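Listed below are the residues making up each chain.
Protein chains: 2
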Amino acid sequence: MGEGVEWGLHCCLALAWLDEQAPIPAGRLAEIFELPPVYLKKRLQPLVKAGVLVSVAGARGGYRLGRAPERITLMDVVAAVEGATEAFRCTEIRQRGAGVEAVGGEFAKPCGVAGAMRRAELAWRRELAAQTIADLLAVSPPGAPDRIRRYHERVSRWRTMPSWVGRE
Amino acid sequence: MGEGVEWGLHCCLALAWLDEQAPIPAGRLAEIFELPPVYLKKRLQPLVKAGVLVSVAGARGGYRLGRAPERITLMDVVAAVEGATEAFRCTEIRQRGAGVEAVGGEFAKPCGVAGAMRRAELAWRRELAAQTIADLLAVSPPGAPDRIRRYHERVSRWRTMPSWVGRE
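Protein sequence lines correspond, in order, to chains A and B.
In this text, residue positions in the first sequence follow the working numbering: the first is 1, and each later residue adds one.
In this text, residue positions in the second sequence follow the working numbering: the first is 1, and each later residue adds one.
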């Protein structure tokens, strides 16, 4: 699993805390977590496509959550970022080599190995689908929301000051 | 997940069926599934190290199951082949950027995002640990064991024939 899931989930938390200030540009999210802005933007695109985030275009544009935190599951984020491909890929090696001699529809039923691996993956998906961004917000450190808001407000104020400030 | 898990699990099944003929050389297992022999041997090494397989050295050497099929879980095979590294890697991005301003031991508790991802991974591991090679044997096609045994015996017989057979 790439870093996109960690980035995506933490950005969802930050966007929930900054909801009243939204939309939040990708550059600001990148600053908040000290991430490469262009690459982060690329990693957020699939979340927009999946409706987890909404992207607002324009000079004052950016991102906001696409729906309420309790309606965004961890599975939504993981599936958007990592795709729907299963971790275990069955290539039907049972049908190769000695398998070409099989008769009587031996391979008509799906491979038991693939089935067993799929059951484990479904358990993983079920667990991810049972947890939401709201659950993550609930277990976040109590100081985090205000700290992120203060940081955002300070950096925003500083950025919009006239260029002569500080020169005197 | 690489192809090593699929290869490893199917080799365990074949070795269970060929237990009376064991040890089975890596080359034979490679033939049975039409896999590259050198690479397969490399992929089986961690299974030997983990005790899932036993390797017998020598000209008539090869592999056999390291313990009874009901005592080899899918987790044993996956952990041996893929290592114990978790799929989700937490890099603590919450502590970077705006995080450096955190006070009062805000990050003393483990990150909730990492915890949530770990819970899902534990569900996956639990499911893998609950299934054994014996379970896979039980759901294998009824014709498979005999087919694999016949293939092995025929190829073994052919290989040990004197070199003049067929020349006449």
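Please keep in mind that the hints were generated in silico from the structure rather than gathered at the bench.
Among the hints, erroneous ones may be present.
To be verified - Only pairs whose alpha carbons sit at most 25 Å apart, straight line, appear in this in silico SDA-like list of lysine to any residue: (1) B:Lys41 with A:Phe88; (2) B:Lys42 with A:Gly99; (3) A:Lys41 with A:Val56.
Please read all numbers here as calculations on a predicted model, not as lab measurements.
Here's how the hints hold up against the structure:
1. B:Lys41 with A:Phe88: holds, 20 Å
2. B:Lys42 with A:Gly99: holds, 23 Å
3. A:Lys41 with A:Val56: holds, 13 Å
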